[in-house]
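Residue numbers (our numbering), protein chains in the order written: chain A, 321 to 635; chain B, 799 to 1101; chain C, 46 to 354.
For the record, the hints were derived by calculation from the structure and aren't laboratory data.
Among the hints, a few may not be true.
Claimed, not checked - Residues of chain B clear of chain C, computed beta-carbon distances all greater than 10 angstroms:
{"no.": "1", "residue": "SER984"}
{"no.": "2", "residue": "GLU987"}
{"no.": "3", "residue": "GLY988"}
{"no.": "4", "residue": "PRO1064"}
What the hints assert, rightly or not - Derived Cβ-Cβ restraints for the label pairs, each shown as a range:
{"no.": "5", "chain 1": "C", "residue 1": "ILE214", "chain 2": "A", "residue 2": "ARG628", "range": "49 to 55 angstroms"}
{"no.": "6", "chain 1": "A", "residue 1": "PRO471", "chain 2": "B", "residue 2": "GLN1098", "range": "43 to 49 angstroms"}
{"no.": "7", "chain 1": "A", "residue 1": "ALA392", "chain 2": "B", "residue 2": "ASN861", "range": "50 to 56 angstroms"}
{"no.": "8", "chain 1": "A", "residue 1": "ARG443", "chain 2": "C", "residue 2": "ILE214", "range": "46 to 52 angstroms"}
{"no.": "9", "chain 1": "A", "residue 1": "THR439", "chain 2": "B", "residue 2": "PRO873", "range": "44 to 50 angstroms"}
{"no.": "10", "chain 1": "C", "residue 1": "GLU321", "chain 2": "B", "residue 2": "ALA929", "range": "44 to 50 angstroms"}
{"no.": "11", "chain 1": "B", "residue 1": "GLN1098", "chain 2": "A", "residue 2": "THR600", "range": "50 to 56 angstroms"}
{"no.": "12", "chain 1": "B", "residue 1": "PHE865", "chain 2": "A", "residue 2": "PRO471", "range": "27 to 33 angstroms"}
{"no.": "13", "chain 1": "B", "residue 1": "ALA929", "chain 2": "C", "residue 2": "PRO155", "range": "51 to 57 angstroms"}
{"no.": "14", "chain 1": "B", "residue 1": "ASP827", "chain 2": "A", "residue 2": "ARG443", "range": "16 to 22 angstroms"}
{"no.": "15", "chain 1": "B", "residue 1": "ALA929", "chain 2": "A", "residue 2": "GLU519", "range": "43 to 49 angstroms"}
{"no.": "16", "chain 1": "B", "residue 1": "ASN861", "chain 2": "A", "residue 2": "PRO448", "range": "52 to 58 angstroms"}
Here the structure is a predicted model, which is why all the values come from computation and not from measurement.
Backbone N, C-alpha and C fix where the C-beta goes; we use that ideal spot for every residue, glycine too.
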Amino acid sequence: MEATTGSVERVAPGAVSLGATSRHLGERLIRYLLFAATAISVLTTLGILYALLSETIKFFSEVGLVSFITDAEWAPLFEPPQYGIWQLINGTFLITGIAILLAIPLGLGSAVYLSEYATPRARKWIKPVLEVLVGVPTIVFGYFALTFVTPTILQSFLGVDVQIFNALAASLVMAIMILPTIASISEDAMSAVPQGLREGAYGMGATKLQVSTRVVFPAALSGVVAAIVLGISRAIGETMIVLIAAGQQPNSGVDPKQPFETIAAFIAATGKGDIPTGSTEYKTIFAAGMTLFLLTLVFNAIAIRFVRKYRQVYE
Amino acid sequence: MSAGPNLPTASDAANASLSEGPRKERLKDGAFRIAMLSCLGIALITLITLVVQDAVKGVGSINLDFFTNYASSFPENAGIRAALLGTIWLMGVCALFIIPVGVASAIYLEEYADGDRWYNRFIEVNIQNLAAVPSIIYGILGLAFLVRGPLELGRTVLAGGLTLALLVLPVVIIAGREAIRAVPPSIREGSMALGATKWQTLWKQVLPAAIPGIATGVILALSRAIGETAPLILVGAPIFIAFDPTGLNSSFTVLPLQAFNWISQPQSEFKDLAAAAILVLLGLLLIMNAVAIWLRNRYQQRW
Amino acid sequence: MSERIENLADRERHEDPEGAGAAYPAAAGSPAPAPEIHTTVRRSEHGAGVGPLEKVFELRSVNVSYGGTLAVADVSMDIYKNRITALIGPSGCGKSTLIRCLNRMNDLIPSASVSGQVIYHGQDLYASEVDPVEVRKRIGMVFQKPNPFPKSIKENVAFGPKILGLENIEERIERALKRAALWDEVKDRLDENAYGMSGGQQQRLCIARCLAVDPDVILMDEPCSALDPISTGRIEDLMLELKDSYSIVIVTHNMQQAARVSDRTAFLIVELDDAEARHGRLIEYDETERIFTNPADSRTEDYVSGKVG
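Using the sequences and the hints given, assemble the complete structure.
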């Protein structure tokens, strides 16, 4: 068998090979480029914070923080203009509140069914279908709320005396929109409960109802709470459903049959036109945006805490 | 954990027959099962109703003219031509941005970043936070920095595409990281042992193996971007666009924006047009998801 | 202990200027003297160890730590050209860690640190000016679990030469596959995906891949432990053929394999230090025949006779 060519010559490893130096430079350059690309995500956050903060501060220097909090109405275009954020927060929480009240039982029920009752085969095709709901653009939900839920369900079928634009329709549809979020995360948490716990209870003669409600659900509680809080966070930031179906009227009341405006909807409605940069009206977009950002930040932080808690317990 | 379940006692068990539990328990159990199933059922039925209702209302307006006409004050003459082209343009700009930036970020975070350094952990947390920020906030970002502000691009295709790109970038990064992570270390070792550099290993072995996962992530991101309305309300065109977008500097509208404009009109004919636009949008989404699923099934590497 | 090994090696050089061949039974095929242990020390027909002993590696007080915890303690040994050197020992004795020092694969583990010297043809591989990439171009490695790339057979073998910018790729592919005793089986299906091959074929492909860049040394980290006995036998045959052209270092947990193929064997054990931490230590390193028939250390004898390990 012939000796390999070159193996005798290949004695000293390239101790001072020039090729090595230029290659090292090339590798370092690549590393810096990759880091620069990654930095874009950081710049995005910084950009959001800077844009919101700088204009909000300017807004407060014009309008005043006190006015922002205590003015009775949100009426930037009236004479005299009022800038009380309370009406928008009221609308946001009313719509979110009703939506959550509906989404929690529906979402948890779906999660319990998927995790405790459904066969693995059923779970395999039901879960993707739920994921489809997540992928539906919110404008489709908005259209559905305005053209079907309000006239057909509420007015005709249920006979509720709602206005064309009302918070109730928006809330109902929003509940369906956040249901998959709640269901999916809760189901994850429930599936993570060790089978041993269930078997222990079944072994004592417990029924599925009892095991689901008294064993699995409490064990998965952190995950369920995380799911609900995430659902709230999504609902708070949701724009289109409200914009289309709930009307664009700031409202201090609690009657969902009336039109309401949320923070997100206000931002969209105002930002649609061409408002001169630097005007007070322009700044209201940012002040409202800052409020919305802070709200979702708080809820997201709470949710992450609970997610970490439930992951910790079983991993 | 809670206190133990309210269980039948031993004497109950002795008295009851083995084949049938107490009737009340069985009824309760059955009712519970039906209740849970109904929750799921409501969700599924609503989804079906959603699509069917839109299809019913919108399908009547769909004909060839619908695709070739521009928006118009006369419903009979209105079409989605500008919106459809605008959607395609924006998806193009978005993809051109998120693919290199997203993949590069994923490579950096998976292969180069030292997980113990504070700034790398900060970047990871940051990306997860960005994924949870409401989309309208991205609209504000776009308005402040892209449309106006330092870049002053105006309400153009470029501004719209970049706004969407920033919105969905986290999706690509997260999917890309998973795809890269899934490539086993043994492949990297085999390559390095032959005398390949880190980058050669990445570019010629790891990345090619991760492409199906990355492609799926990109399609997922674009699926999200294609339906986004709220941020584009702040960054996109005023109501009437009656021309084809010609470049990055053009004003634009997209399908969901056009639908929103039509919904906002009082006449019911426009609302039906909106339904039709939404139907086209859903159709596009269906195609994109089908491609993603096909990609995943065909090219998925079982390690 | 280390001094003893050094002396054995020195003694060999003094007594055996012609090379180690003279110390072994002359004719191939004649049975080795029956050892107390039931292993057959097999000698290849391909010119067992002829030629003067030339050093390929000189390890001097090599210590390897992971994140501050010692894994391999103070190894000094010489590895010779065109010989098969086996590293054996119980699980956890650091044989894989040690072999990975020889081609700087431990660099890939961020917490690993290596002290001491690994002198390769007169140059310390761990000197600061040495580029690990260059090192690996000359010292190849075959892994325990076959790890072909998810590409075609041809692309697998071509990868090394291509990134090294070598010429005559087609020729190299054929030559490497022939040397790895795989050519006849795959010559008609070079474009098929490597994952369609059996485990034994995949491992021979990995060997071919390694050979395609004309290395000087081939390191094998338990190359047969994931394979069936027939494939194992074929690869052992292959090793004996390759010995003429390459220097081979093999880690094996199968001491019969070491006895069958290697010229020299190094035996490592697991040691506990004061803090109850485990690390590996080289106990004995000698000609394979001596290790298996008349080891100097009682621990070696216990291991090779199957009493421990």
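Comparing the hints with the structure gives:
A Cβ of chain C approaches the Cβ of SER984 (chain B) within 10 angstroms, the least distance being about 4 angstroms, so the stated non-interface status is violated. Its closest Cβ contact with chain C, about 7 angstroms, brings GLU987 (chain B) to no more than 10 angstroms, contrary to its assignment away from the interface. The beta carbon of GLY988 (chain B) is not kept farther than 10 angstroms from every beta carbon of chain C, the shortest such distance being approximately 4 angstroms. The beta carbon of PRO1064 (chain B) sits about 59 angstroms from the closest Cβ of chain C, which is more than 10 angstroms, so the claim that it is off the interface holds.
At roughly 52 angstroms, the beta-carbon separation of ILE214 (chain C) and ARG628 (chain A) lies within the given 49 to 55 angstroms, and the hint holds. At about 46 angstroms, the beta-carbon gap between PRO471 (chain A) and GLN1098 (chain B) stays in the expected band of 43 to 49 angstroms. Range check, ALA392 (chain A) to ASN861 (chain B): Cβ separation about 52 angstroms, and the 50 to 56 angstroms hint holds. Look at ARG443 (chain A) against ILE214 (chain C): about 50 angstroms separates their beta carbons, and that is inside 46 to 52 angstroms.
For the pair THR439 (chain A) and PRO873 (chain B), the supplied restraint of 44 to 50 angstroms holds, since their beta-carbon distance comes to about 49 angstroms. Under the hint 44 to 50 angstroms, the C-beta atoms of GLU321 (chain C) and ALA929 (chain B), about 46 angstroms apart, fit the expected range. Taken as a hint, the range 50 to 56 angstroms holds for the pair GLN1098 (chain B) and THR600 (chain A), whose Cβ atoms sit roughly 55 angstroms apart. The hinted range of 27 to 33 angstroms is satisfied by PHE865 (chain B) and PRO471 (chain A), whose Cβ atoms lie roughly 29 angstroms apart.
In this structure the hint that ALA929 (chain B) and PRO155 (chain C) lie 51 to 57 angstroms apart at CB is violated, the actual value being about 29 angstroms. Range check, ASP827 (chain B) to ARG443 (chain A): Cβ separation about 20 angstroms, and the 16 to 22 angstroms hint holds. A beta carbon spacing of about 37 angstroms between ALA929 (chain B) and GLU519 (chain A) contradicts the range 43 to 49 angstroms that was offered as a hint. Distance hint check for ASN861 (chain B) and PRO448 (chain A): the Cβ-Cβ separation is about 33 angstroms, which falls outside the suggested range of 52 to 58 angstroms.
In this structure, the hints that do not hold are numbers 1, 2, 3, 13, 15 and 16, in rising order.
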